[in-house]
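Novice: Protein sequence lines correspond, in order, to chains A and B.
Residue 1 is where the first sequence starts when you use the numbering used here, and the numbers rise one by one after that.
Residue 1 is where the second sequence starts when you use the numbering used here, and the numbers rise one by one after that.
Note that these hints are calculated values from the structure, not bench results.
Treat the hints with care, since some could be wrong.
[What the hints assert, rightly or not] Mimicking DSBU-like on lysine-lysine, the simulated pairs with C-alpha atoms at most 35 angstroms apart in a straight line are:
(1) A:K52 x B:K196
(2) B:K138 x A:K52
(3) A:K128 x B:K196
(4) A:K52 x A:K22
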Amino acid sequence: MKETPLSNCERRFLLRAIEEKKRLDGRQTYDYRNIRISFGTDYGCCIVELGKTRVLGQVSCELVSPKLNRATEGILFFNLELSQMAAPAFEPGRQSDLLVKLNRLLERCLRNSKCIDTESLCVIAGEKVWQIRVDLHLLNHDGNIIDAASIAAIVALCHFRRPDVSVQGEEVTLYTPEERDPVPLSIHHMPICVSFAFFQKGTYLLVDPSEREERVMDGLLVIAMNKHREICTIQSSGGIMLLKDQVSALTSVPVRTGHFSEVFKDYLVTKRH
Amino acid sequence: MEVVMRADAKVRVESGTESSPRGPGCSLRHFACEQNLLSRPDGSASFLQGVAEKSQERLIRNTCEAVVLGALHPRTSITVVLQVVSDAGSLLACCLNAACMALVDAGVPMRALFCGVTCALDSDGNLLLDPTAKQEKKARAVLTFALDSVEQKLLMSTTKGLYSDAELQQCLAAAQAASQHIFRFYRESLQRRYSKS
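Let the hints inform the model, and build the full structure from the sequences given.
Specialist: Okay, here's the thing in structure tokens:
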């Protein structure tokens with residue numbers, strides 16, 4: 001089904017409101033929507049709600065042969081799917097551009113930042129390594145898919161436990177959860193994407209755009225950062241020209257990123273397993 | 001229309017309904033339901049129960065087609081999208097329950113509600129209602145029924161494994177008894193939801 005087009009009066013209304021520093025849901029320029037994280041019954045299953053945007057994340061693992069040029073490293077595989085229930089426009093086969101862009105950004109944020117220690121996933125060098133697969137499903141689209149997806153991915157990875165293995169010579173023994181407690185993954189840091197939407201050719205800026213705001217925005221800047229204010233990925237789309245100090249000023253805005261990591265720690269501590 | 005949707009969403013029940021303690025003779029697991037949790041689709045429901053894909057889609061579709069009053073909405077397409085969060089046994093029955101609740105939440109006219117019940121027969125011939133994943137694997141036969149709410153008639157049945165005719169009747173009777181509990185849960189859940197708005 002085609003997306004219903006945005007009417008001109010709605011577009012004008014949104015842009016006028018942004019000029020007057022007002023947002024439809026009453027937030028300020030740098031305010032994030034409420035984030036709620038709930039966990040499923042299995043390890044590695046979580047649902048993240050960023051306002052009304054909802055992403056389901058699931059992590060699974062498997063023993064496989066490693067890649068030829070990386071014989072001592074485990075394999076990480078990320079996959080984000082835009083479910084048809086998220087928005088009427090997301091039909092299978094119709095969403096390729098947005099899907100590719102989101103998947104690429106997620107991969108760069110999580111894989112290239114080396115937040116997961118892949119060396120620790122090696123069981124027998126050159127023969128058996130763990131392949132960790134992160135599946136994300138967008139259940140409801142109310143703007144800012146990438147932030148919700150990155151939170152879901154990193155929380156699911158933190159929550160996940162892989163089966164314990166022991167190696168004796170060439171023999172690998174895989175223990176069931178009943179025999180030995182499953183082992184968490186080795187995670188160095190937790191990068192999260194923060195999105196900035198630009199309006200009126202870069203004059204106005206909003207953090208965490210909702211779906212309506214995304215429709216009228218000119219450009220989007222996504223910065224992936226961790227608690228230590230280290231930047232993992234920056235992506236700017238829409239042809240917005242930003243000065244260097246503007247970007248540095250923005251990277252200091254997610255003081256909230258420190259807040260996120262605290263939120264995760266709370267959830268993981270209360271989730272006593 | 002957007003304004004109306006927002007008003008609805010504010011009023012939506014934050015937590016769903018859970019099933020109350022059941023009397024003796026019913027060995028269904030605990031179930032919980034939440035409705036209208038997504039803002040984009042017209043109706044949505046999440047069904048938690050306890051805890052071969054194209055063919056299952058076809059079964060759910062056939063069941064829905066049997067109850068939905070399609071003649072009232074010509075040239076309309078109704079899409080039911082189901083996302084499995086976790087599978088702890090009785091998956092098809094849970095999908096059927098979720099589909100029914102979602103159709104109700106969307107306001108689609110139906111001639112009856114429907115529910116799904118799974119029975120498993122183990123090697124000794126004992127009947128297990130609403131089996132867990134482990135019980136399903138060890139069972140000799142697994143039977144899933146979709147029953148309607150008006151007269152508990154059978155809408156759809158799918159079975160896997162060996163069983164006798166008498167055992168089939170026995171499972172069907174047990175499923176019909178269990179469906180009463182599920183329909184009562186539907187009613188409570190909907191009452192809870194609409195009493196808050």
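Novice: Does each hint hold? Answer for all of them.
Specialist: Each hint, compared with the structure:
Note on K52 of chain A and K196 of chain B: the hinted pairing holds, with a Cα-Cα distance of about 20 angstroms set against a maximum of 35 angstroms. The hinted pair formed by K138 of chain B and K52 of chain A fails the criterion: a straight-line CA distance of about 41 angstroms is larger than 35 angstroms. Our distance criterion of 35 angstroms between C-alpha atoms is broken by K128 of chain A and K196 of chain B, whose separation comes to about 55 angstroms. Restraint check: the Cα-Cα separation between K52 of chain A and K22 of chain A comes to about 19 angstroms, which is no more than 35 angstroms; the hinted pair holds.
Violated hints for the displayed structure, listed by number in ascending order: 2, 3.
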